[in-house]
Amino acid sequence: MTQPAPASPLFWRFNPEVYRLIGIKCKDCGHISYPRTKICHECGSLNLEEYKLPKKGTVHTYCVNWTPPPTFEPPITPVIIDLEGGGRYQGLMTETSTPEDVKVGSKVEMVLRKVTTDRGLNVYGYKFRLVEEE
Amino acid sequence: MRGKIAVIGVGMIRFGELFDKSLENMVQEAYLNCLNNVDKGIDPKEIKAAWFGQWSGGFIGQGTQSGQSLASFIGNREIPVTRIENACPTGGDTFRHACLGVASGLYDVVLALGAEKMRDKPSAESLGGAGSGGGAETGSHPAWMIGHGGPSIQAMHATRQMYELGYTMEDFARVAVKNHHNGMFCPYAHYQFEITLERVLSSYVVCWPLHLLDCCPQTDGAAAVIVCRADLAKRYTDNPVYVMASNVGVDHSQLWDRDSFVEQLATVRAAKGAFEMAGIKPGEVDFAEVHDCFTNTELMNIEDIGFVRKGEAARMLKDGEFDLHGRLPINPSGGLKAHGHPIAATGLGQIFEVVTQLREEAGQRQVKLKKGIGLQHNVGGPAFGVSVVNILSRTV
Numbered sequence: 089m090t091q092p093a094p095a096s097p098l099f100w101r102f103n104p105e106v107y108r109l110i111g112i113k114c115k116d117c118g119h120i121s122y123p124r125t126k127i128c129h130e131c132g133s134l135n136l137e138e139y140k141l142p143k144k145g146t147v148h149t150y151c152v153n154w155t156p157p158p159t160f161e162p163p164i165t166p167v168i169i170d171l172e173g174g175g176r177y178q179g180l181m182t183e184t185s186t187p188e189d190v191k192v193g194s195k196v197e198m199v200l201r202k203v204t205t206d207r208g209l210n211v212y213g214y215k216f217r218l219v220e221e222e
Numbered sequence: 015m016r017g018k019i020a021v022i023g024v025g026m027i028r029f030g031e032l033f034d035k036s037l038e039n040m041v042q043e044a045y046l047n048c049l050n051n052v053d054k055g056i057d058p059k060e061i062k063a064a065w066f067g068q069w070s071g072g073f074i075g076q077g078t079q080s081g082q083s084l085a086s087f088i089g090n091r092e093i094p095v096t097r098i099e100n101a102c103p104t105g106g107d108t109f110r111h112a113c114l115g116v117a118s119g120l121y122d123v124v125l126a127l128g129a130e131k132m133r134d135k136p137s138a139e140s141l142g143g144a145g146s147g148g149g150a151e152t153g154s155h156p157a158w159m160i161g162h163g164g165p166s167i168q169a170m171h172a173t174r175q176m177y178e179l180g181y182t183m184e185d186f187a188r189v190a191v192k193n194h195h196n197g198m199f200c201p202y203a204h205y206q207f208e209i210t211l212e213r214v215l216s217s218y219v220v221c222w223p224l225h226l227l228d229c230c231p232q233t234d235g236a237a238a239v240i241v242c243r244a245d246l247a248k249r250y251t252d253n254p255v256y257v258m259a260s261n262v263g264v265d266h267s268q269l270w271d272r273d274s275f276v277e278q279l280a281t282v283r284a285a286k287g288a289f290e291m292a293g294i295k296p297g298e299v300d301f302a303e304v305h306d307c308f309t310n311t312e313l314m315n316i317e318d319i320g321f322v323r324k325g326e327a328a329r330m331l332k333d334g335e336f337d338l339h340g341r342l343p344i345n346p347s348g349g350l351k352a353h354g355h356p357i358a359a360t361g362l363g364q365i366f367e368v369v370t371q372l373r374e375e376a377g378q379r380q381v382k383l384k385k386g387i388g389l390q391h392n393v394g395g396p397a398f399g400v401s402v403v404n405i406l407s408r409t410v
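Residue numbers (my numbering), protein chains in the order written: chain X, 89 to 222; chain W, 15 to 410.
Watch out, some of these pointers could steer you wrong.
Unchecked claim - Pairs of lysine-lysine residues, derived as DSS-like cross-links and limited to a Cα-Cα distance of at most 30 Å, are as follows:
#1 K54/W x K248/W
#2 K202/X x K135/W
#3 K113/X x K140/X
#4 K59/W x K18/W
#5 K115/X x K126/X
#6 K332/W x K384/W
#7 K191/X x K332/W
#8 K140/X x K202/X
#9 K195/X x K324/W
#10 K54/W x K332/W
#11 K248/W x K62/W
#12 K324/W x K191/X
What the hints contain is simulated information worked out from the structure, not anything from laboratory work. On a predicted model such as this, the values are computed, not experimentally measured, just so you know.
Okay, chain X solo, but in the shape it has when bound (with noise of 0.2 Å):
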């Protein structure tokens, strides 16, 4: 048994990307990226600003996974979003009936929920939900 930690670490370093949402944008090339970084991952530029996500988007890729680790109740559908005025997500959907609901191109928002456990602790994060064409 392992001993339960005092807080995740993880979580507690990323605490801005993963809770406040906030990425950084190359001002030279447009990448945008996450957890914020001193060089672009995609030019290597130094040129950065922070960028704060957006909490909507649309489904670029998913799957449905029905061999999720154990600490995951099958089935799960980890998404890949495009995210509104540029740079991607990746995140699990939450609040389907089915699956089948989730489309390449459906309209979703994040909403905060548990993600997973770490040591004897409930970690949260953002999800993702469908929302209602308008």
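Given the structure of chain X, go ahead and fit chain W onto it with the hints provided.
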């Protein structure tokens, strides 16, 4: 690099669920098979450096291996030995390092050996829990703590291949049918049985759109290659195979940084550089061993290497062009799908196959040689951002 390096010996063990063999047992068997494969004989002391491919180390209960492990296993502690880990291309990159060792002029004869025990722990603990992206309770970033592993990452590519290229689950399944057919003729393959399209499509859905039989198995195995200076090769064998090119390509290590999900830039870069190094075009390759960890991945690889244009691989597969006796045989060994995927041994097992084919010693699965050129490819990592391509030929 071209013209400088020759393969003089290859050796492996049958891949499979080898509960009766330890890592050391597997390494020693592959090594001895490799020495015995050098037809004019070799004194093991002529090997002046070695590289040990080991992907998972401590993750799945093999302990953390380093160069000393291989040195002890083969009873040769007088030479420099380095461990190589580079995700699923570990085996192919271990071969590359051996080639670089000879090309540098420092060593005349060197060993590349890769081995992996995947089956001592259940799948959920080995692959699922091991990858930096795959772990539920590990990972480089919280965004990875969502249960991702190889199948879910490739399934997200497959979804996009269906959306952008019009590929279908039948198209993916045909890869499994072809590779299982080839694997029947390979005595080293983990799976040596035929499967039908219906059986693939009715197998358990691991990760939609991929079925169980779209996924390669988890496999134990070891494979070894001895390379030497090209001008010394005939001392050791009448049938050397020459290295034309050996290259690694990389891309982003996070999925969200990547642009396309129907193309893996790591492969594109590894292949482009390798073809430039070799001074040949993709059309001059007779056959290839490519990294079909999942069926959809094989189609993507065939396109990314540059054999066909994006979106054409599925139709050409259906037309039989990639069959054992087709225009461009892909994975005559059975591929990862049937031959198995003991990660660090995988690439070296593919080199074994390419060398065996180029020597025309592959028996029932022998492909027809035209130019006498074969290609080996791996791709992997948390966002499939690292790839290796090696090109070998019958003539210098």
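Pair hint outcome, K115/X versus K126/X [Cα-Cα no greater than 30 Å] = 12 Å, holds
Does K140/X pair with K202/X here, judged by a C-alpha cut-off of 30 Å?
-> 22 Å, holds
Taking 30 Å as the top limit, are the C-alpha atoms of K202/X and K135/W close enough?
-> 29 Å, holds
Is K248/W close enough to K62/W, meaning Cα to Cα at most 30 Å?
-> 18 Å, holds
Quickly compare the C-alpha distance for K332/W and K384/W to 30 Å and report which way the hint goes.
-> 23 Å, holds
Would you check the hint for K324/W and K191/X, treating anything up to 30 Å between C-alpha atoms as holding?
-> 23 Å, holds
Would you mind confirming whether the straight-line C-alpha gap from K54/W to K332/W stays at or under 30 Å?
-> It is violated: about 43 Å lies between the C-alpha atoms, which goes past 30 Å.
Keeping to a limit of 30 Å between CA atoms, is the pair of K54/W and K248/W held or broken?
-> Given pair K54/W, K248/W holds - Cα atoms ~9 Å apart, limit 30 Å.
Assess, step by step, whether the Cα of K59/W is no farther than 30 Å from the Cα of K18/W, and give holds or violated.
-> Distance ~22 Å between K59/W and K18/W Cα, so the pair holds.
Do the alpha carbons of K113/X and K140/X lie within 30 Å of each other, as the hint requires?
-> 9 Å, holds
Is K195/X within 30 Å of K324/W, Cα to Cα?
-> 28 Å, holds
Under the criterion that the straight-line Cα-Cα distance not exceed 30 Å, is the pair K191/X, K332/W satisfied?
-> 27 Å, holds
Hint compliance for this structure: hint 10 is the single one not met.
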